[in-house]
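K.L.:
Here is what each chain is made of, one letter per residue.
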Amino acid sequence: MAMSSENEHPVKAFGWAARDSSGHLSPFKFSRRATQEKDVTFKVLYCGICHSDLHNVKNEWGITSYPVIPGHEIVGVVTEVGAKVTKFKVGDKVGVGCMVGSCRSCANCKDNLENYCPKMILTYGTKYYDGTITHGGYSDIMVLDEHFGIKIPDNLPLDGSALILCAGITVYSPLKYYGLDKAGMHLGVVGLGGLGHMAVKFAKAMGLKVTVISTSPNKKKEAMEHLGADEFLVSRNTEEMQFAMDTMDGIIDTVSAVHSLLPLIGLLKNNGKLVMVGAPEKPLELPIMPLLLGRKIVGGSNIGGIKETQEMIDFAAKHNIVADIEVIPMDYVNTAMERLSKADVKYRFVIDIANSLKPI
Amino acid sequence: MKCLNQTHKVFFDSRSVPRAFWENGDEDVTIKILFCGVCHSDLHVAKNEWGFTNYPVVPGHEMVGTVMKVGSDVKKFKVGERVGVGVIVGSCKKCESCQQDLENYCPQTIFTYNSHYTDGTKTYGGYSDMIVVDERYVLRFPDNLPLEGGAPLLCAGITVYSPMKYYGMTEPGKHLGVAGLGGLGHVAVKMGKAFGLKVTVISSSPKKETEAIERLGADSFLVTSDPAKMKAALGTMDYIIDTVSAVHPLLPLLSLLKLNGKLVTVGLPDKPLELPIFPLVLGRKLVGGSDIGGMKETQEMLDFCAKHGIAADVEVIQMDYINTAMERLAKSDVRYRFVIDVASSLSQ
Chain W
1 MAMSSENEHP VKAFGWAARD SSGHLSPFKF SRRATQEKDV TFKVLYCGIC HSDLHNVKNE
61 WGITSYPVIP GHEIVGVVTE VGAKVTKFKV GDKVGVGCMV GSCRSCANCK DNLENYCPKM
121 ILTYGTKYYD GTITHGGYSD IMVLDEHFGI KIPDNLPLDG SALILCAGIT VYSPLKYYGL
181 DKAGMHLGVV GLGGLGHMAV KFAKAMGLKV TVISTSPNKK KEAMEHLGAD EFLVSRNTEE
241 MQFAMDTMDG IIDTVSAVHS LLPLIGLLKN NGKLVMVGAP EKPLELPIMP LLLGRKIVGG
301 SNIGGIKETQ EMIDFAAKHN IVADIEVIPM DYVNTAMERL SKADVKYRFV IDIANSLKPI
Chain P
1 MKCLNQTHKV FFDSRSVPRA FWENGDEDVT IKILFCGVCH SDLHVAKNEW GFTNYPVVPG
61 HEMVGTVMKV GSDVKKFKVG ERVGVGVIVG SCKKCESCQQ DLENYCPQTI FTYNSHYTDG
121 TKTYGGYSDM IVVDERYVLR FPDNLPLEGG APLLCAGITV YSPMKYYGMT EPGKHLGVAG
181 LGGLGHVAVK MGKAFGLKVT VISSSPKKET EAIERLGADS FLVTSDPAKM KAALGTMDYI
241 IDTVSAVHPL LPLLSLLKLN GKLVTVGLPD KPLELPIFPL VLGRKLVGGS DIGGMKETQE
301 MLDFCAKHGI AADVEVIQMD YINTAMERLA KSDVRYRFVI DVASSLSQ
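Chains as they are written, first to last, in this note's numbering: chain W, 1 to 360; chain P, 1 to 348.
Among these hints, one or two may not hold up.
[Said to hold, decoys possible] To be clear about the criterion: a stretch of chain P counts as covered by chain W if any three or more of its residues have a C-beta under 8 Å from a C-beta of chain W, and this derived list gives those stretches:
#	segment
1	121–134
2	204–213
3	288–298
[Stated by the list, open to error] DSBU-like cross-link-like pairs, simulated, lysine-lysine; straight-line CA separation at most 30 Å:
#	chain 1	residue 1	chain 2	residue 2
4	P	K307	P	K229
5	W	K176	P	K165
6	P	K198	W	K182
7	W	K110	W	K38
8	W	K307	P	K258
9	W	K182	P	K94
10	P	K198	W	K282
11	W	K119	P	K174
12	P	K94	W	K209
13	W	K209	W	K110
14	P	K271	W	K282
15	P	K32	W	K127
16	W	K110	P	K32
17	P	K231	W	K182
18	W	K110	P	K174
19	P	K258	W	K119
20	P	K69	P	K296
21	P	K229	W	K119
22	W	K119	W	K29
23	P	K69	W	K176
24	W	K269	P	K231
25	W	K119	P	K296
26	P	K296	W	K269
Just so you know, these hints were derived from the structure itself, not from any lab.
Every residue gets a Cβ at the ideal spot worked out from N, C-alpha and C, and that includes glycine.
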């Protein structure tokens with residue numbers, strides 16, 4: 001008989017889970033494994049609410065297995081370390097992003113690209129090596145293979161650094177891989193949410209000119225005055241879009257809704273790159289002529305490897321890049337999810353787990 | 001001089017063409033055309049399938065011939081030399097693309113046919129007896145390349161060579177997929193083998209397999225309608241050149257790519273294709289385009305082909321067979337390019 005979530009591991013834990021595709025989250029008792037020799041156990045302090053959490057709890061991608069405890073933008077403090085742990089000691093701050101395991105032996109893992117390992121284990125909703133399902137950061141404690149722990153630099157605020165572990169790396173990795181990280185280049189950022197606002201901040205820190213492309217004209221002031229974007233294009237304004245044609249070296253497209261690629265391809269210069277980091281669930285229309293005539297590309301990217309994630313957060317610390325967040329208590333999470341679905345947040349909710357997750 | 005107008009099968013004589021066009025300028029070369037390849041684009045333009053044909057049109061942008069006259073400032077060519085002319089005969093020469101020898105991406109590219117020079121005169125292509133071209137856009141035709149087999153390289157050849165270089169598809173031992181086995185595809189196979197790649201042809205026609213492997217030298221052949229074979233090939237290719245011009249699904253091709261794989265489209269479907277985003281994101285894959293190549297690169301390609309003995313597989317035809325050839329081309333009934341023997345069959 002299958003063990004219940006409460007009994008499958010020796011250490012009691014508590015979190016909030018969704019039990020069905022309504023996506024409604026509620027208190028949930030479960031358990032964590034004992035600290036193995038390469039594990040660190042930590043008390044969760046903060047957890048960001050990623051849009052993927054919303055997709056998952058509502059089973060929008062058709063892969064959710066309930067109950068699910070979401071959360072993969074987690075920051076905490078180490079309470080116990082296994083005998084062979086070298087990266088962390090008790091009392092250290094630790095961050096966890098989207099992955100908690102991989103095969104560690106394939107070409108991708110050896111290349112520090114655990115995110116592309118075919119056996120990559122996600123922080124929640126995936127089978128771990130011991131056959132149990134992983135549970136994410138909307139919970140009080142976690143046990144983690146130290147390899148997948150990220151050191152949080154001292155000068156970054158804990159609540160603001162949580163979401164860098166998913167949103168941050170999701171945009172940082174493609175900026176580097178696709179060579180859109182050189183001072184003086186012109187980058188477009190489509191969508192100004194959790195991912196988009198991080199892309200603006202990273203790109204400005206790298207010395208790029210940044211244009212935000214958005215459907216909402218009312219985000220312009222914020223984008224330019226607060227986030228530091230150089231220009232702002234309203235995508236429905238055809239005149240503005242036409243004027244900006246052929247001006248961008250690259251575009252990071254963070255939009256998950258189905259949308260038109262043709263105008264974005266038009267904004268690119270020759271050899272320009274449109275990089276998709278949002279994940280629309282339906283295919284998009286790809287006009288071929290404009291790709292050909294300008295030797296342009298449309299590429300994708302998915303989070304980043306552990307080494308790169310560490311590099312990214314160190315870069316953030318060096319340039320004082322802090323995410324814009326709204327800190328909420330645990331019991332606000334369902335309201336937060338509703339607001340998130342309407343993009344009503346600047347720009348990420350972060351759950352103050354330590355101070356508001358109370359066991360029932 | 002007379003030209004055969006493709007769509008109307010009309011002979012019109014030189015008196016109807018503005019005189020300025022036919023005079024050889026200081027930087028121009030006058031070329032007697034010997035052979036001209038029949039590119040699928042010729043068919044699209046002749047039938048106005050792209051909606052911008054300006055009749056009468058004389059197609060043909062894969063031509064080889066001999067130099068008859070050179071202008072006073074011409075440095076690259078002498079009378080009697082074998083030369084080729086491809087898809088473009090002019091560009092602005094000043095923009096960033098032109099300065100980087102990427103005349104094909106110049107916003108003011110002048111195409112070999114159905115285009116206009118800056119003085120407003122129309123350009124006419126290689127289904128004709130002679131052409132006058134600025135030397136910058138003329139290629140030196142290597143001695144050891146056959147004229148008939150070399151002509152199609154001026155469009156088909158550069159169209160696949162350029163992206164293979166640009167997208168880094170030249171590392172020996174890597175695995176290249178070639179989707180579509182026509183004029184472009186068969187040249188891509190030959191070039192892929194010359195670069196030391198493992199080459200798999202991806203096709204909807206099982207009957208092309210023997211040809212692909214035994215004659216063209218492909219290492220393997222994948223029929224897109226065979227689900228078991230397609231499944232076995234998932235995640236095995238470093239890159240794919242997609243030469244298919246019909247609307248077709250991209251998902252099966254993307255699935256064949258490894259992590260970081262590149263799908264480069266050089267065909268010209270007339271409608272947008274469906275692009276599933278998840279496979280791009282999860283595998284950090286990309287879809288890119290490429291459009292012919294610059295002049296320097298086209299010369300490099302011809303020299304590469306000469307060095308490796310690469311020429312197109314052609315069916316040589318007479319000028320008056322052209323309309324039948326176009327019909328057969330529309331049904332992909334050719335291995336793999338028609339080439340018009342202009343010199344001996346375009347009579348005065």
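K.L.:
Give a verdict on every hint.
P.N.:
Cross-check of the supplied hints:
no.	hint	verdict
1	121–134	violated (count 0)
2	204–213	violated (count 0)
3	288–298	holds (count 4)
4	P:K307 to P:K229	violated (35 Å)
5	W:K176 to P:K165	holds (22 Å)
6	P:K198 to W:K182	violated (35 Å)
7	W:K110 to W:K38	holds (18 Å)
8	W:K307 to P:K258	holds (22 Å)
9	W:K182 to P:K94	holds (25 Å)
10	P:K198 to W:K282	violated (33 Å)
11	W:K119 to P:K174	holds (24 Å)
12	P:K94 to W:K209	holds (26 Å)
13	W:K209 to W:K110	violated (35 Å)
14	P:K271 to W:K282	holds (18 Å)
15	P:K32 to W:K127	violated (71 Å)
16	W:K110 to P:K32	violated (59 Å)
17	P:K231 to W:K182	violated (40 Å)
18	W:K110 to P:K174	holds (19 Å)
19	P:K258 to W:K119	holds (15 Å)
20	P:K69 to P:K296	holds (22 Å)
21	P:K229 to W:K119	holds (23 Å)
22	W:K119 to W:K29	holds (28 Å)
23	P:K69 to W:K176	violated (52 Å)
24	W:K269 to P:K231	violated (37 Å)
25	W:K119 to P:K296	violated (46 Å)
26	P:K296 to W:K269	holds (22 Å)
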